Amino acid sequence: MKEMKLFLGPQHPGMHGNASVHMFVDGDIIKRSYLLPGMLYRGFEKQMERKLWVNNIALIPRVCVPEPDINEMAFASGAEKLLKLEIPERAHWIRMIILEFARISAHLMAYGGLGGPTGNYTLMYHAHADRNNILDIFEKITGARVYHQYIVIGGVRQDLPKGIEKDMHTFLDSLESRLKEYRDLGIDNASIIKRIKDTIMLPAEVVWELGVTGIGMRSAVNKAYDIRKVAPYARYDQVEFEVPVSDYSDARSRLDIKIKEVQQSINIIRQCLEKMPEGPVRVKPARGQSMRWTVPKGHVYSMVESSRGEFGYYMVSNGGTHPYRVGVRGASYPQGLLGIEKYLPGTRIDDAALWVDTMGICSPEIDR
Amino acid sequence: MIVNILVGIGIALFGFALQTSIGGINRKIVGRLQKRHGPRWYQEFIDIFKLLSKRGISHGWIYDFGVIMALGGIIATAMFMPLTVDIVAFKQFDNFFIFVYLLAVGMLGMAMSASGSGNPWASIGVMRALTTMLAYEVPFLIVALTIINVSDSSSLTAIQAFQQTAGNNWFIIALPLGGLVGVLSLMGMLGKKPFETYIAPAEIASGPMVEYGGKQLGMLFILHEISVFIEVSLFVHLFLGGASNIFIFLIKYFTVYTVVNLISNVNGRFKIDQVVKFFYKWPLLLAIIQAFIAIYLGWVI
Amino acid sequence: MNSMNNIERVKEIVEKVAKVRKFEQIDKFQIAFEIEKNDVHQTLSALKLAGWKQLSYLSAIDWIETSKFELVYVLFNWDEALYIQIRAMIEREAAEMNSIISIFPGAKYYEREAHEFFGINFPGNPDYHKQLILENWDDIPPLRKDFDPSVYSDRKFPKREYSVDYSVKDPENKSFEKIKEREKRALSLRTGGQKK
Amino acid sequence: MKSTKFTPVPLTKAETDKKWWEIGDFFRRNSLWLLMYCTGCCAIELPPAMTSAYDMERLGMGPMATPRQADILLVSGYLSLKTLRRLIYTYEQMSEPRYVVALGSCPINGGIYHDSHAVINQLDQYIPVDVYVAGCMPNTEAVMNGFVDLMDQIKHKRANGWKKYHENYSWYKANQITSLGEVDVHDEFHE
Amino acid sequence: MANIEYLLLFLVGSAVISYFLTRLNSFIGSIFTIFATMFVFVSLAAYGFNMNLDTTVSLLPWFSFSQTYLGFFFVIIIAFIYLMVSFFHPYFLDKYPYKNSYNLLFLLSLAGIIGAFYTDHFLQLFFFFEMIIWTTMFLIPQGKSREAAVSYFGFSLTGSVALLIGIFVIYQNVGRFDIQAGLAGISGTTSVFVFVLFMIAALAKLGTFPLHIWLPLAHGNAPHPFSPVLSGALVKLGAFIGILALIKINPIGPVIGAIDLALGQYIIAFIGSLSIVFGTLMAIKEDDAKKLLAYSSMSHGGYILVAFSALNGFAFAGGLYHILAHALASAGAFMAIAAVARATGTTKMKELGGMIHKMPITYLAYLIAIISMAGIPPMGGFISKWLIFQAVIDRGMILIAVAVFFGSVGSFLYVFRPLAALFLGQEFREYKHVKEAPLLMLIPTFIIMGLNIYTGVIPKQIIDFINNIIGENTAFAPVVATTFTVTATYGTLNAGLIALIFGVGVAIAFIIFILMKKSRKVELMDTYTAANFVHDEHLLHYSVDFYAPLERMYEKQSHWMKKFYDALAHKVKEVGKLAKYLFMSNNIGVTLIWILVIIVLLIGVVAL
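As given, the protein sequences belong to chains U, B, Z, V and E, one line each in that order. Everything in the first sequence is counted per this note's numbering, starting at 2 for the first residue and increasing by one. Everything in the second sequence is counted per this note's numbering, starting at 22 for the first residue and increasing by one. Everything in the third sequence is counted per this note's numbering, starting at 2 for the first residue and increasing by one. Everything in the fourth sequence is counted per this note's numbering, starting at 1293 for the first residue and increasing by one. Everything in the fifth sequence is counted per this note's numbering, starting at 2 for the first residue and increasing by one.
Because the hints were derived from the structure by calculation, they are not lab data. Bear in mind that the values here come from a model prediction, so they are computed numbers and not experimental data. Watch out, some of these pointers could steer you wrong.
As the list claims (entries may be wrong) - Computed spacing ranges between beta-carbons, pair by pair:
id, chain 1, residue 1, chain 2, residue 2, range
1, U, 32, E, 521, 31 to 37 Å
2, U, 224, B, 58, 44 to 50 Å
3, Z, 12, U, 224, 34 to 40 Å
4, Z, 67, U, 162, 31 to 37 Å
5, Z, 66, E, 527, 37 to 43 Å
6, E, 521, V, 1440, 28 to 34 Å
7, Z, 80, U, 346, 39 to 45 Å
8, V, 1440, U, 168, 49 to 55 Å
9, E, 51, B, 113, 56 to 62 Å
10, V, 1470, U, 238, 51 to 57 Å
11, U, 223, E, 268, 28 to 34 Å
12, U, 191, Z, 9, 18 to 24 Å
We put the CB at the ideal spot given by N, CA and C, even for glycine.
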């Protein structure tokens, strides 16, 4: 059988990020495919072994570009577990605000990313316009738009600036009022429904086989499998929120869950702003030198719920000033590598970009 | 004869300038829709001249020849196009079928050149373009059949004159179902979303244009602008009563193109088989019903 | 949601099939077992049967001083919210571990990656020897502790040379020694505390 | 006494070519098309630059799908070896004149990855770079400023990277081969 | 020497000579065949246009001839195609198992054709038809498949039987075998009966729906140089019988008021339109270039039927014009494919690619042929389709129009496929050695290219001749034509102007192209691959399942169709097996004896 080879990425408008899907195509049906990762390989895990614990804070956000704060959170909370460190109460709440804003930003970007493969650029433009507002808020809080280095071991780097609550409320209100518009432009748009309904399925067996987490899992198994719920970190056990689920996972239901999660995140941030106590936001992680403090021996797996699923850091300390080994579990690792190899075949090349998009595949966290 | 040919070239040139400016203005309008400023209105001219000034690549003689043939075919088609009832290069010879089939020469040239580049994306794009053509042409031609049958001529100027003399009775009003089909087919012809399947940057990396750069791409842009001019004017002449003077033509042209563009910009794109299914379901049925009503029953408003 | 009973239950399951060398509770949601290399498969299948259906992470740690690789398997049970680390030591020379893709198909690429970065062989995994992330790699596996990236970088990649040096060069200057000191320390920080 | 009458001076071919080139430069700098190639993390600041917030299209810029169509090769951030191979391949496919804009600190001197075994340190050893935008990551304003700088350079005929690549082709090739080994890889994934 | 009888005898004689010459040396035999065919064509062309052929009979008893414009129209087209194709013989004959008899059968079938169109006697018509069928039936299996010949024979037999019964019915009613008198003499129910029988013969011969199954088999598997004859010439016999039935017999039946057309004609038009749709859809699916063109012949057969059944002067003229245009286009396309097949040994599109870089002239020939086939100006196919469209619109035949337009647009799709998959695309390394076809094969290619353009630019002479046919056979008004224009119901088509303007357009485009900076020449493999490295050109060539998304939409239906036809083909095969049992032994002598027996029997019937 004669096959043709097509590529989705690295230099392809349908691929967000620097990875390449190699597809062997017959007509327009994909017969075999695999992901060629490594275009973003920076030797991250090696780099982290060579930096001080505190230096690593500058490095880790760069693991995942669209949503850098989860890295900081996973790393900081892992180190805190090793240090057996209790951080101030207010820091927990600020972390939650930051994480939820990051989640909204990532969801908006992914949802706007629907505009690429389906061609509705207006949706993309609107989503990015709103995302830019979040980046502005981040800049006010942390001083940086993308890589904040704000969640540090022992709390957060500094307290929220004065008056930021007002900005946040303004933004949240405007975003909430526009969610309907997003639905109309995207998943409720008749021409887009044709593309995303009943395609790119993710049945529950596949979820378990691959180990998909996050929205992919929740949309298939109809259970609130969200680390924020089942194994709460920070103060997620003290806020009220729902985890949207469904029992039929096509592209549309996953995007639907995304939009619903944006709503939930808005609610969480509002509760945080309300319930947040006053107080210090940072403690010193350890006694001793200002930078070269040590962390006790131990292994810890520290995980957070990112916008794409379970994001974990496996951290090993040998009692020194540097981490002995840090392993990163990218949230999109299972669907990105094994999923593309096993379940992209059989779909059409029209759907390939959409497949990669709605499965939530983020190449930097696969390569590291 | 020479004068006629010069008039024809003038019309083609006018069409190019008109569509390029209106395309630029439309980019600004769409920019506003997307919460931004948009480019300068003459940006499309700059783009085209820039492309012409670059040093591109060539994949062999068919790659160049196809582009020349495509642009030649489109320019030739535009030269037949009447602007108003009076401004037309070749009276009596502006036959409707010339536009449909001479346009196909352009398509064929471009398809040849794109396939000749040896890129699979380009071939897929060509395949999609041809399939889309199969989808929208049949309903459109049925409506055209009705119009020709009713107005008793296939000359565009005669069809315009027919609509204008009968108390400005536009065919989009006289044949409402046909008019609807006409709009949908026009969107397919222009390759507007949701029928933009053959460009689809995210799926097939801009389809037929994938290997073009430099002057070849510049010529394809000129080709695209002129073919949009042809298709929109065809719609204006067939359905909107043509124009008795150039200003009316400009107004109608601008309105049609802008409306179509705005509709396009809040839609996603279909898959290619969905495009075919779409056109062979309602538009074809409506076109046939319209033809039955108009030809056999004689019910023309 | 989570209770001590749960942890006890896991302990029982693991102890039934494997010899536990060390048990550790990291926090409310996480426990760790150190077991023998040969017991890993049984343990994993038993845990999978008991509901730990998700393999969250698989990797290795290079303990160069004792010349061992430590393999880590992290499992998770979404219903009972308990992470389990399974750790096992293998020899560093000619490192080999049977693949677990028959138990967790999702481990395929984790194993390929571990092979690529540590040089551990995984018989049973059909493609483990293929290159994945690296391309035309010409050195020892990069995550081994004896691989020094900065040496590799210096050897392969030209560095930018700055024509104007703004650092203080005057040996008479008092701060010069201080700067030297700082540079030395910075160097030691960069190399991860190891002597160059 | 000099005559005030206008007498056209016949231009030599080189002069006419220069005039045409200047006219071409006007079009080129007002219509810069980027290649959509996210080589690294700085690509995340491109969507705001392209979309409503900063609206790159005001300057006549826009993203393009393939290297043949594009004018600017945008190197957005660090370059791993695997990416650099593909980047060089892409660069050679582009139509001339072509410009390279490198974002972030990493292409300048390696940035935060200066001692990594996987990331190269200095991009201009391998392909010529017209504009560097420093920062990790550079703000969108800085990115836009970089493009405006490029326009300025084109205006003053200083954006000559692509000519340099032709002139020093063997030097660039030698550097590529020392760092990368084989540029067009032949491996099991590409057979 | 412009006597039909002598021409026939000359052909039979040269057939025998060519047999021995070919036996001696296939090249010499083929050259002889070229000259023999050329002689016949030249003498026909020199005398036939003005009806100056001598029809007296002196040597052949029982035979009688008469000349008509209609017959000559067909004869000259077919003889021309034969002549063009004969140029290919020297390069192909060596590959065939019975190469000695190839030229013999080829010339005999030409004799049969000349006889069939010049005879004025029904039984002679039948005899010559059988002669054509039998000779070509032995030619077809020289290619790839014997099954194809069996299928061809089975369907032809159906047609022949229908024709024979029709002839006897006429004889019973009129009492004469004279064609003109016989057709004029019948009326009422008889005429309907004869109409149906003749139409069956026409459909079978034309290979239209529902009797099309032999067409792709025979065309696809026939020897490469014989496919142009089959498609360009022989299927037109069906059109001839169709004209006899639709125009001459024209039975009075119920009339459909809305479109003012007799029911019989409307049914035939409907069958024609089904044929267009099925032919188009099947051609889009097909992977073998020759079978694809065969299905396109089926679709064009549908056009011809629609044209003749519209009972309209423009449609009639359009139909005749279409016969000419399609004969030229289809012969050109098949010959181009034959040239490729000679160089590469295959016609499967998935095995080919990038032939344009090796065979540019063949490519041009194919390009011009398909432009005409798709009905794009400035080629002949456009004028004929334009005339047919006029009639369809004039009649207001909406459902037919759907099919006609569908076929017209669909033809862009299928003709483009061989272009993209076979000529364009990546250049395969296994065909690096391939060279352009030899000069002798390029001569007919150039001639056909020229004629394709001629028919599309200067319609005057052809329309004038067609007007003669209209005057001779019908009561329609002649078509008004000046040198470059054709006028029909809804306006005037200026073919010359279109060609001129197209030239102007291309000139402008060329000026733009040449003024701008010269391009850099790059390899075909240096192409956009999303920045990945590919080293195998087969992976970058899109040729398999070209229209996959479209094909998938009617896959189920075509399966259903295929099942039905498989069952039918099974039945036909059984008939064929019987025939084979009787006639087709390995010994050619036995076969010849059977042929002789049948001829004697037929002559006996005639004598009765």
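When the structure is checked against the list of hints, which entries are broken? Sort them ascending. 3, 4, 5, 7, 8, 9, 11, 12
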